[in-house]
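S.K.: Here is what each chain is made of, one letter per residue.
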Amino acid sequence: ETGVTQSPTHLIKTRGQQVTLRCSSQSGHNTVSWYQQALGQGPQFIFQYYREEENGRGNFPPRFSGLQFPNYSSELNVNALELDDSALYLCASSLGRGVSTDTQYFGPGTRLTVL
Amino acid sequence: ILNVEQSPQSLHVQEGDSTNFTCSFPSSNFYALHWYRWETAKSPEALFVMTLNGDEKKKGRISATLNTKEGYSYLYIKGSQPEDSATYLCAFHQGNNRLAFGKGNQVVVIP
Numbered sequence: 001e002t003g004v005t006q007s008p009t010h011l012i013k014t015r016g017q018q019v020t021l022r023c024s025s026q027s028g029h030n031t032v033s034w035y036q037q038a039l040g041q042g043p044q045f046i047f048q049y050y051r052e053e054e055n056g057r058g059n060f061p062p063r064f065s066g067l068q069f070p071n072y073s074s075e076l077n078v079n080a081l082e083l084d085d086s087a088l089y090l091c092a093s094s095l096g097r098g099v100s101t102d103t104q105y106f107g108p109g110t111r112l113t114v115l
Numbered sequence: 001i002l003n004v005e006q007s008p009q010s011l012h013v014q015e016g017d018s019t020n021f022t023c024s025f026p027s028s029n030f031y032a033l034h035w036y037r038w039e040t041a042k043s044p045e046a047l048f049v050m051t052l053n054g055d056e057k058k059k060g061r062i063s064a065t066l067n068t069k070e071g072y073s074y075l076y077i078k079g080s081q082p083e084d085s086a087t088y089l090c091a092f093h094q095g096n097n098r099l100a101f102g103k104g105n106q107v108v109v110i111p
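Each protein sequence line maps, in turn, to chains F and R. Counting in our numbering, the first sequence runs from 1 upward without gaps. Counting in our numbering, the second sequence runs from 1 upward without gaps.
Just chain F, same shape as in the assembly (with noise of 0.2 Å):
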């Protein structure tokens, strides 16, 4: 139990629409990593915040969007939702700003299905 928690656990939106997925690390937990997994793949970087302070971004289109609270939890807003946009989302938490060797703590991901 890595006392990572997501919300909703699953969701099913149309194109176009707008989501926001939610996340809670775990406490003392600077960093927050967003991570995109379609089906079939391994887990995509989406970005990264350290204090409420975005810290690096993959390569994912402006429609991403992130937010990071000083309570440790935080957010992923999809914008104008396409199809290829199904799939797990996976935040993770982790103690320092970007280190190498830091582990990142899991949540257990909100499946998102647009129709």
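To be clear, the hints were calculated from the coordinates, so they are not data collected in a lab. Model, not experiment: these values are computed from the prediction. Using N, Cα and C, we set each Cβ at its ideal position, and we do this for glycine too.
Partial chain R-side listing against chain F, Cβ under 7 Å, derived:
#  : residue
1  : Tyr31
2  : Ala32
3  : Ser43
4  : Pro44
5  : Ala46
6  : Val49
7  : His93
8  : Asn97
9  : Arg98
10 : Phe101
11 : Gly102
12 : Lys103
Here are the simulated DMTMM-like cross-link-like pairs (lysine to aspartate or glutamate), alpha carbons at most 25 Å apart as the crow flies:
#  : chain 1 : residue 1 : chain 2 : residue 2
13 : R       : Lys69     : R       : Glu5
14 : R       : Lys103    : F       : Asp84
15 : R       : Lys59     : F       : Asp102
16 : R       : Lys58     : R       : Glu83
17 : R       : Lys58     : R       : Glu39
18 : R       : Lys57     : F       : Asp102
19 : R       : Lys58     : F       : Asp102
20 : R       : Lys103    : F       : Asp102
21 : R       : Lys42     : F       : Asp85
22 : R       : Lys103    : F       : Glu82
23 : R       : Lys42     : F       : Asp84
24 : R       : Lys69     : F       : Asp102
Assemble the complex: chain F is given as a structure, and chain R must be docked to it using the hints.
M.R.: Then chain R, alone, in the frame of chain F:
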């Protein structure tokens, strides 16, 4: 885009048998390699963080080795048990705040 390759993609193992699989990653600009174990409907669970060439790590019946010069890591499961059934993910740390994951090795242990 960095390629992290895992092979084989899936394997079935008889209970009691030992098995191993491979993670290949870029051999330049190595920072760290992470192994995760992911059971269905659960969160990925950290197994090992490996940093030094020649590193060997062990956790119960699971162990891993690291060769940074040639860019590969092996994960071994000794005496497989049904509870070892899971997807094993390796992730290469690129040194720029992100992990690059492979697609995973899906292991099914047959009782």
